[in-house]
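Student: Residue-level listing of the chains:
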Amino acid sequence: MDAIDFSLVNWSRGQFALTALYHWIFVPLTLGITFIIAIMETIYVRTGDEEWKKATKFWMILFGINFAIGVATGLILEFEFGTNWSNYSWFVGDIFGAPLAIEGIMAFFLESTFIAIMFFGWNKVSKKVHLASSWLVAIGASLSALWILVANAWMQSPVGMQFNPDTARNEMVKFWDVLFSPVAVNKFLHTISSGYVLASIFVIGVSAWFLLQKRNILFARRSILVAAIFGFVSSIQIIATGDGSARQVAKIQPMKLAAMEGLYKGYEGVGLVAIGVLSQPEENRGNEGNKDFYFRIEIPKFLSYMANGSWNAFVPGIKDLIDGNSERGIISAAEKMERGKYARNVLSELKKAKERGDMETYEDLTLRFSDETFINEYFRYFGYGFVDDPARLIPNVPLSFYSFHLMVGLGFYFLLFFILAIFYAYKGSLERRKWFQRLALLTIPLAYLATMLGWIVAEMGRQPWVIQDLMPTFSAVTRLDSTTVQITFWLFVIIFTALLIAEVKIMTKQIKIGPKEGGN
Amino acid sequence: MTVGRKLWLIIFIKLFIFFIIMKLIFFPDFLKTKFNTDQERSDYVLEQLTK
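For the record, the sequence lines run as chains A and B. Heads up: the first sequence runs through residues 1 to 520, numbered per my numbering. Heads up: the second sequence runs through residues 1 to 51, numbered per my numbering.
Extracted from the complex, chain A is given alone in its bound form (with noise of 0.2 Å):
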């Protein structure tokens, strides 16, 4: 193999993670205040009480101007997949190709349409027409992020496909299988429903300003009780899809688990560290995976039972997972590497038998392709045939594992918050909780924060892989020049800042203005 870029590779892999966490920005709050203002409109529709037509009038406001300007700004890492990643989107075939397209053709126009609808059809559609268009278009936008969802969960558990050894494309062969992947169902719930608690502290703390400002004040308690109730449901439900994302990683990406944890040594029982600060113990392997604590306080056995569903069982540490462990049954990193070899030796020499016509030897590499011994003990570990030192393995455990605290420290916070908003909402004391109030105004770029360490706990967790044990993503890599992808990279900062600053203003100035009176 051709020495690899690292540069190249790290520019490529910042350039992406720019572009997808500036369009995360926009995503969470599109996803989850649809869902809000079609509820409040529903109890406009219901009540006819104007008031909440103009709490659904303000809320679509600040929609839509998330919307048109985060817009597109996921086309960009369209563009990346085919200029800088060609290798690997040649790869995945039509796996990422059909999700994609069956995004663009039902549900993104499906949102287009109604949220024409949905902006310019008041007054000129019945009551009834004009709220169906609002669910419809918080059911698309929740319905675009499922396709895209399904083909990131592939890249972390790769199903439903063939390798074509001939066109070295990955081929579609379980639709179904696919989609409904238990990776694929529990990162979709998982994702949205983030967006959805993201929206909701949004629109609680912006009305929470409006009761610091003492005014609007009906609109801001309405409204911080609809998003404080649509949040606690959505925070239960990330729960409890957080739960089943575990259980999926520790089966499939145990790698990951491991550095979300910091856990260097497996054993059985292993207790859950609830807040620990890692250290850099003496008996260095030269990598970043041979981490220990200074201090922490574990929930004792509940990462065995949350990886398992078993209080004693045994999950594996980083050290197991590169050394091997017979006794439990773990294959060494080694072991996978040489395998992965021999199934890259494989289709090189299917390719030189294609080359020199020899068609016997061709057919015959062909079919072991198809041969599930040959997938299942060889294939499987294509992507290790890539690897030449097994610290390349290791993902970075500082950044998992901060990453990861800190996103479930803050989901239990936004439990907590919400649980509050909601009690005294109840008791009608909202107006006079001042620091309730600053604490919701506070609490929207946490909101931001939690949900982008996701992002980063589930990429970054992942790696060296862009396909799990099949494409790590040095090997994925388009062979550019690495001085085009840093320019690249420095004028998407530009583009990205600009629309972010628009955002901002352009919201904070219609936040000013507040609710118009009869919702015109």
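Just so you know, the hints here were simulated from the structure itself, not pulled from any lab data. Please note that a few of the clues may not be correct.
As the list claims (entries may be wrong) - Straight-line Cα separation of at most 25 Å, SDA-like style, residue types lysine to any residue; simulated pairs:
{"hint": "1", "chain 1": "B", "residue 1": "34", "chain 2": "A", "residue 2": "5"}
{"hint": "2", "chain 1": "B", "residue 1": "23", "chain 2": "A", "residue 2": "82"}
{"hint": "3", "chain 1": "B", "residue 1": "6", "chain 2": "A", "residue 2": "497"}
{"hint": "4", "chain 1": "B", "residue 1": "23", "chain 2": "A", "residue 2": "74"}
{"hint": "5", "chain 1": "A", "residue 1": "512", "chain 2": "B", "residue 2": "3"}
{"hint": "6", "chain 1": "B", "residue 1": "51", "chain 2": "A", "residue 2": "482"}
{"hint": "7", "chain 1": "B", "residue 1": "23", "chain 2": "A", "residue 2": "17"}
{"hint": "8", "chain 1": "B", "residue 1": "6", "chain 2": "A", "residue 2": "508"}
Please arrange chain B on chain A, whose structure you already have, making use of the hints.
Tutor: Chain B only, in chain A's frame:
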């Protein structure tokens, strides 16, 4: 300028930058521009995966 007009302006400027400047100048599809047929693309990626 009303908020609606401002947003339409941002959308059009953004789409112009994304599709005309970024896509055409900085983000050509590597395999599509470098090779004419799928067979050539497959051969190139196979070469990348096996060398």
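Student: Determine for every hint whether it applies to the structure shown.
Tutor: Verification of the supplied hints:
Of the pairs offered as hints, the one joining residue 34 of chain B and residue 5 of chain A holds, with about 21 Å between alpha carbons and a cut-off of 25 Å not exceeded. A C-alpha spacing of about 10 Å is found between residue 23 of chain B and residue 82 of chain A, which places the hinted pair at or below 25 Å, so the restraint holds. Restraint check for residue 6 of chain B and residue 497 of chain A: satisfied, since their Cα atoms lie roughly 17 Å apart, inside the 25 Å limit. Restraint check: the Cα-Cα separation between residue 23 of chain B and residue 74 of chain A comes to about 13 Å, which is no more than 25 Å; the hinted pair holds.
About 13 Å separates the Cα atoms of residue 512 of chain A and residue 3 of chain B, which keeps this hinted pair within 25 Å; it holds. For the hint pairing residue 51 of chain B with residue 482 of chain A, the CA-to-CA distance comes to about 21 Å; that is within 25 Å, so the pair holds. Distance check on the hinted pair: residue 23 of chain B and residue 17 of chain A sit about 18 Å apart at the alpha-carbon level, within 25 Å; holds. For a cut-off of 25 Å, the pair hint linking residue 6 of chain B to residue 508 of chain A stands: about 14 Å separates their Cα positions.
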